[in-house]
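Enquirer: Residues per chain, in single letters:
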Amino acid sequence: MAVTKLFGAPIKRREDPRLITGRGNFTDHIRLPGTLVMAIKRSPHAHARIVRIDTSKARVMRGVVAVYTGQDLIDKLAPVPCAWLVPDSDLKVPTYRAVAVDKVRYVGDAVAVVVAEDRYVAQDALEAIEVEYEPLPAVVDQEKALEAGAPQLYEEVPNNLAFHWKLHSGDFDAAWKEAEVRLSRRLINHRLIPTAMEPRGALAAYNPGTGELTIWCTSQNPHIHRLLLSAVTGLPETRIRVIATDVGGGFGSKIPMYAGEMIAAALSRDLGRPIKWIETRQENYVATIHGRDHVQYVDIAAQRDGTITGVRVRAYANLGAYLSTAAPGIPTWLFGLMLQGPYAIPVIHCDVFGVLTNTTPTDAYRGAGRPEATYLLERMVDLLARELRMDPVEIRRKNFIPKDRFPYTAPSGLVYDSGDYEATLNRALELVDYDNLRHQQAELRQQGRYIGIGFSTYVEVCGLAPSQAAGAMGFQGGLWESAIVRVHPTGKVTVFTGSNPHGQGEETTFAQLVADELGVPFEDVEVIHGDTEMVPFGMGTYGSRSTAVGGAALVAACRKVKEKAQRIAAHLLEVAPEDVVFENGRFFVKGAPDRGMTIQEVALQAYLAWKLPRDIEPGLEATHFWDPTNNTFPFGCHICVVEVDPETGKVTFLQYVAVDDVGNVINPMIVDGQVHGGIAQGLAQAVYEYAAYDANGQLLSASLMDYAIPKASMLPSFSVDRTVTPTPVNPMGVKGAGETGTIASTPAVVNAVIDALAPFGIEHIDIPLTPERIWRAVLERSR
Amino acid sequence: MYPSAFTYYRAGSVQEALKLLMENPDAKLLAGGHSLIPAMKLRLASPPALIDISRVPELAGIRDRGDRIVIGATTRYDDIQRSELVRQVLPILPEAIEVIGDLQVRNMGTIGGALAHADPAADLPAVVLALGAELTAFGPDGERTIPADQFFVDLFTTALQPNEILTEISFPKPPAHTGMSYQKFANPASGYAVVGAAAVVTLGDDGKVAAVRVGVTGAGPYAVRRQNVEQALTGQEPTAAAIEAASQLASEGMTFNSDIFASDEYRAHLTRVFVKRALTAAIERARG
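In the order they appear, the protein sequences are chains A and B.
One point on numbering: in my numbering, the residue at position 81 of the first sequence is 144, and numbering is uninterrupted.
One point on numbering: in my numbering, the residue at position 250 of the second sequence is 266, and numbering is uninterrupted.
Looking at chain B on its own, in the form it has when it is part of the complex (with noise of 0.2 Å):
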């Protein structure tokens, strides 16, 4: 509950942000500090410095760019949940956000500190691997993006350098007949995702899986794409059975956490459950 004491820097462009980084390598970018500020009141964290970048203006906001939406990185969790954009387009960001902690935390957290601070059981490093989303980080040598896939390294970590910010998310805009959904196994105590499992499906004209992708949160040590279960359900009639059996593979090829909750086999069974679960919602919205 008493942090360390730290210096507290607010940047008001993203450029100061980085200066500021540069000049104190252990300082921690702070925007809604839901994940940060508890582990500094418990002493699981305490770096010298702060660097305040929820006030950056053009690090917030949700803008239409033709075949993609783009969210700002310190855009909060309840202003995404409002957008009437993001309803219409991607509507697994609000429903995923919706079972996210409180409405508390929903006002203060941001879609760019969960997918930085890469909290294993965060809920959307999932629905970005599914969305096939793209990450725009801004360093010293200036901008880059990162694909999703490549972008959840492990435990609490990414691909970001040490002096990258994270600036924004970019989703492209799905095809016709596309349905997604995210389901989700929360814990009890915490509420975080035992297992969540993000699914974003388009079916072809013939009724086929034209398209999937599946995100699994929750279940390991970060966030990971199912390409077997991907590849399984490509070109598929989505039966049940269809569905289940690719399913089944969901597991496979994964590490597992264990603890006094769910352990790793249970985690596993989850896994399969919730991404048949995600699986089969996403192909029925899909069927609209």
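Only chain A is shown next, with the shape it has when bound in the complex (with noise of 0.2 Å):
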């Protein structure tokens, strides 16, 4: 019997044992008797029209299966889905076919594709296929992209442009007009690799026999992959099962539609055999989406005491050369909507141009859209106290959104739910001991070392909902979750999820959840996810929302299966619902404790139905599709503290410290690792990771040798800590954990390394910060 509370336990992740002793149950992993493989010819060219496919030496090679072309899958196969139409943007969605057919656009974009009895025969049969090119100029930067005489990727989309995405509220010319203050910066918020532990891939084997696909995939989102594939196969809904149980890791990354899993999909059909297809790291690199990649123009209105007054941004978002499945709504609304941050800004104006180009297509990464409007932000903020000379602390005081004003309806249409801002940077400076870290500065900066400390203060839109919303924004989905609770006759407890967690603990945090709402044992509680077969329904996890939407479907699940045990209870203790009281697992007679039964007991009874009166049905589990009436809205302050080398530019991290709220805490070791986590990421932005493209679209940064992702020895260690202010929006009151690190912490780094760099008179680098570029901002002041 469940006694002890579970909600804030900070239970090690029941997950982990399979995983670190790798009997976890990724995609390769699995073994299907008679399978091929499947390996795709990638274009070396960013824009090149295909003049000639030569397959017939690959065909008669020993161990090779068959071999396709793009014209060989057009009947095969529908485009590869764009599912986010936003409105009133003017948006073209160019054709984007699996295997490319008279051109390609990006390097890395499909033009063959291999089936063989073993992947080495199929890497052979690649190299044995002759493709012949015609060149055409490549454009990879966005800007030059729309300019008159680029190089055009699509007859149909002119000036490359996909869209113009517009979201004016107020007068920003009045502001402008009227400010004391201005302050005008180009900023670049550069390219990612979102690089999950393990790249994609897929299994599909077709049933020639029922007519059904079975495919393992390595998808944050199983449900919306059945329907997709659904729709681009052209086989029911019905006879599609997707798996994804284990998955490693994905930030986003793993949201999407891809070619990759399509044609897997497609020539099980085509071949009647199961085919795996596993990405190499190579392949990750060019063939799944990228981050970020946007050059924003900002124009910030404020008065002489600190007071923004506005916020005009016009921002160009590099999408790639097709539009991926997500891609047009990250930059427009997952970013344009948080465009004034915590602050009480009356005025946002902004202006998105979404521009393909031929590079990798772009979509969610961690944050997604939300770091870019933080960075934007906290960047410009630190310049205007700069430029008034006020301290960074006291600027982002006086424009806090006071915590008596939530919920705060923003001038995006936001509505914040709940909020003390001021409560996490009050937090935070004590843990950093401000005042005596700015004497220490001084200190320092007299024997010629030069330390910095760097602010970031923000609120984040996540545990993306509700599906009102979803359809206003031209998501072609909704955004509720759903939930199954089932008990079984022993007592024991089985819960389906449509979010699929992977990474994120929620099959430990789900069970917390449960073992608390029915008051069963933590053990009794089994969390089942990523198989449609299991799960009938589901939306998937991303914009940090399984726990905040998932969590209260299973919250809302099982209150409707104790309703039903206490009627059965009831009955059984010959007395009305209303007399009976349920507390840890058992329902008892009020005023009589004696006489009760326990859940487990009344579960029993349920499915022996020896004894129900005719209105209950037997058996005792329920169903809930919740759909939330808000987003939430985590926030924090992050303070960096960092110490500059400037003779190499290097930057060394001292101090790193998060105070974040996200509302009431489930479990705060999970939490924490995802904040650690979250960091990492945001960190690696600011001063080791970038996507580096040539003028001609080769991705130069296009292996682990040459993109940085940080390893442990490259952080520093992070203090954790938090404040509550629990949300309205959930009946736990929790907010989304997963995306705040990564949002709140590029812009503390960035901003403390050019706080470090000051006396040599720098006020700004673009990101990322890597030893040459600090290096060489310090030598031209020193000149």
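In case anyone wonders, no lab produced these hints; they're calculated from the structure.
Ideal placement from N, C-alpha and C gives every residue a C-beta, glycine not left out.
Fair warning: there could be bad hints in the mix.
[Unchecked claim] Below, computed lysine to aspartate or glutamate pairings styled on EDC-like, alpha-carbon distance capped at 20 Å:
hint, chain 1, residue 1, chain 2, residue 2
1, B, K57, A, D181
2, B, K57, A, E180
3, A, K713, B, D280
4, A, K774, B, E150
5, A, K120, A, E190
6, A, K774, B, D280
7, B, K57, A, D151
[As the list claims (entries may be wrong)] Which chain A residues face chain B? A few, computed with CB under 7 Å, are given here:
hint, residue
8, R182
9, Y183
10, L189
11, T343
12, F645
13, N647
14, F651
15, E710
16, A755
17, L763
18, D769
19, A771
20, E835
Grab the two chains, each in its own frame, and use the hints to assemble them into the complex.
Expert: Here it is as structure tokens:
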């Protein structure tokens, strides 16, 4: 009998023993008899016409079963879908063939597919395919792509402009005219490569006897993939089963519907045999989406006292060569709506130009739009503080939305659920011992050492919902989540969630929630996810929504189960249902605690059904589709302390403090882990990671030898703390916690480095702050 | 990730390895495999045959030969790093090995493999230059000795002939009042040296620099000695100013690599900075 409350307990992740002992159930671990392997030949050119493809040599190689070109697949597969059709933006969705037909548009575009008996033969066959290209001029930079005379990717998309999205709230021209201080800046938010530990892959098994397709794949949202696979293959949704039980990280990169998985499905159907396709890391770097990549022109209007009166942004988002599944929504809604941040800025004026270029398509990468907004705002706030000679802390206090104004309707139209921004700032200042730190900084500068203190006070929108908002934003789906809670006759509980955790730990968190709700032992709760045949519907894991939305669905389903159990208990105890109390897993008669029965006893009776009245059906389970009324808005303050070696430009991390408020916390250890991982990725954007293309569209950072993901030795030790401001949006009062670290940390690090370099007169360096960029900035100012 | 087909041979002796090499002129020798195998997986290298020399007993081991320490070519990094003898006499070797790759790499990678592969960003080439090592090659005409100064010829190219096998590396034991240091600016992605500088400095009884050798790796197409720095410092009082002045010469007459992480201009600057840092640390240690 569970009597201890599990909500708030730092329970170790139950998924870890299987994951860390190599017993995970990843796509490439699944072996089916008779499986063929698939490999994709990819374009070495960023932009070229396909003149001729000769597959004759490959076809006759021993062990090669089939070779397909784009032409061969036209009738077998519809184009790769785009599912976020942002309205009122003149959106153009060019045709995205899974395998290119006449033209390739980025390095990595698929040109042919080999199916063979083993992967080595497949690789030999790829090399034996001859493709004659007529190279075309390529364009990589989104601003250049819009210029007259730029290479055109599509006839049907003039000037490579896929959309122009606007959000104009308030009169910016008036704010600008009346401003006492005006600040303008061009900012870069550079391209990143998500680099999930497990690359993408699929094992597609079509059964010609039954007409059913089972596909194991690396998916954050198996039900969305089921729907989209149905749309592109023409198979009924009811004949498709998608399984993605263990997925080795996604960070957004496993949301979209990709060519590789689609081709595997179509070819399994064509050949009547299971087909396995697993990306190499090189493929992953060119053929899985990239993230970020904005050029932003920002104007800030303010008063002399530091009050910000308006923000205007013109952003150019690089979408890559094709529109990935959610691509149009990321630089628009998830970016523009957050441009006021945690500040009471009354006027927001935003124009976003979505531009097609000869690069890998971009889509959601951890934070997705919100890091781009937060970096912009936090950098500008620091620049404004510098201009006004204010402390970066004071300017933030000056502009915070006060805690008594929640729920707060922002000029972008979002309604912030709850908040106390200053509390996180105060706690973070205490943790770094701010006053003392400034003294230390001054003293060290005397000795020729340069330390810097950087702030980031942020709010973000997550727990993405509700469905009505999704519809208004052009998202081609709902944003609810489903749950089934099934209590077995033995009292053990199986819960089925439409969320699909792939590193976030909800197998544990959800078991905690359910054990608490039903008063059963934690060990008795099994959490099932990632199989569309087990979980009938679901929207998946992204946008920090699993616990806030999927968890709420589970709690609601638990409450339905309890309500029925209470009616059964009342009947068996021979009292009215309202006279029954439920506590710690036991139903008993109000005022007579001895007269009662456990939920396990009730469950047994529910299935025996010997003594049930006619109006109660046997069994004990419930389904709930939870559609929240709003998103959640976690917030916080991150402070980074660095030392910069001006001789080499190298940044050393001295301290990192994160005080976040994600509402109530179910498992603090898991939330800490999410925050740590998020900081690592955001910090890496500031100083380590960048996807580099040359002018011809060759990806120069195309391997882990050149693309610097952060290793433990490259990171500081994080001090993580929290304040608690529950949200009214769900019954648990929890907010999303998966992306806060990434959203907050990039500007905290950059502001720290720039603060360190203040004695050199440096007020801005574009990210990434690589040693050479810092060294050059110091050198220029020292000349 | 999927190499082309190749034939695998395992040699039981240096003689047998040489015989296999003569019979398979396009074959590659396999020792630790931590550079060769990744290149094959990416099909950047597709040798028709590999001759595995990692189990030839006489090629591995660390031996004290009076005034020299001799390390067999297939001795693994980790064995060198753990050797008490090496720690005592040639502490720059464990210092440099400490910053090579990670533990798994150091458990597999070999000193001879690294030197023969001559990756422009490998760490040990700078160290063998600074220590004045000699490398022994075994070929159809028997053994010959190649001074480290003449070993590194170009990008991934050494003085070894295609039919020669690197068998051992011999280091002179340094005299008293010698300090040595390897200072590295690592690429955050690969961990390889953007610039690595090795300095070995012997001070005379008068406290002046009696002998100094400096090797630089990572900066250019192959590792080089910096005789101009050495000459500027020899016979000098090793003051901060003298070190600074000598280090300023470190980038002269060199060609520099350029990539997305570091331009040639920045590498030239880092060369001066890291030569200075290596010299400073070596001199401090020489003073003991």
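Enquirer: Now tell me if each hint is right for this structure.
Expert: Structure-based check of all given hints:
This hinted pair checks out: K57 of chain B and D181 of chain A have alpha carbons roughly 15 Å apart, not beyond 20 Å. Taking the CA atoms of K57 of chain B and E180 of chain A, the gap is about 19 Å. The hint holds against a cut of 20 Å. Restraint check for K713 of chain A and D280 of chain B: the C-alpha separation of about 17 Å stays at or below 20 Å, so the hint holds. In summary, the hint linking K774 of chain A to E150 of chain B is not supported, as the alpha carbons are separated by about 36 Å, beyond the 20 Å threshold.
Taking the CA atoms of K120 of chain A and E190 of chain A, the gap is about 10 Å. The hint holds against a cut of 20 Å. Proposed proximity of K774 of chain A and D280 of chain B is contradicted: the alpha carbons are some 26 Å apart, above 20 Å. Between K57 of chain B and D151 of chain A the CA atoms are separated by roughly 49 Å; this puts the pair beyond 20 Å, and the hint is violated. The beta carbon of R182 of chain A is positioned within 7 Å of a beta carbon in chain B (closest approach about 5 Å), and the interface hint is therefore held.
The beta carbon of Y183 of chain A comes within 5 Å of a beta carbon in chain B, closer than 7 Å, and the hint placing it at the interface holds. Taken as an interface hint, L189 of chain A does not check out: its beta carbon lies about 9 Å from the nearest beta carbon of chain B, beyond 7 Å. Annotation: interface hint on T343 of chain A holds; nearest CB of chain B at approximately 5 Å, less than 7 Å. Checking F645 of chain A against chain B by beta carbon gives a least distance of about 54 Å; that is not within 7 Å, so the hint is violated.
Annotation: N647 of chain A was flagged as interfacial toward chain B, and the flag is violated, the nearest CB pair being 49 Å apart, outside 7 Å. Against a cut-off of 7 Å between C-beta atoms, the interface hint on F651 of chain A is violated, since the closest Cβ of chain B lies about 59 Å away. The beta carbon of E710 of chain A is positioned within 7 Å of a beta carbon in chain B (closest approach about 6 Å), and the interface hint is therefore held. About 5 Å separates the beta-carbon of A755 of chain A from the nearest beta-carbon of chain B, less than 7 Å, and the hint is met.
Taking 7 Å as the C-beta cut-off, the interface hint given for L763 of chain A holds, the closest approach to chain B being about 5 Å. Among the interface hints, the one on D769 of chain A holds; its C-beta lies about 5 Å from the nearest C-beta in chain B, closer than the 7 Å criterion. Taken as an interface hint, A771 of chain A checks out: its beta carbon lies about 4 Å from the nearest beta carbon of chain B, inside 7 Å. The beta carbon of E835 of chain A is positioned within 7 Å of a beta carbon in chain B (closest approach about 4 Å), and the interface hint is therefore held.
Against the hints set out earlier in the document, violations occur for numbers 4, 6, 7, 10, 12, 13, 14.
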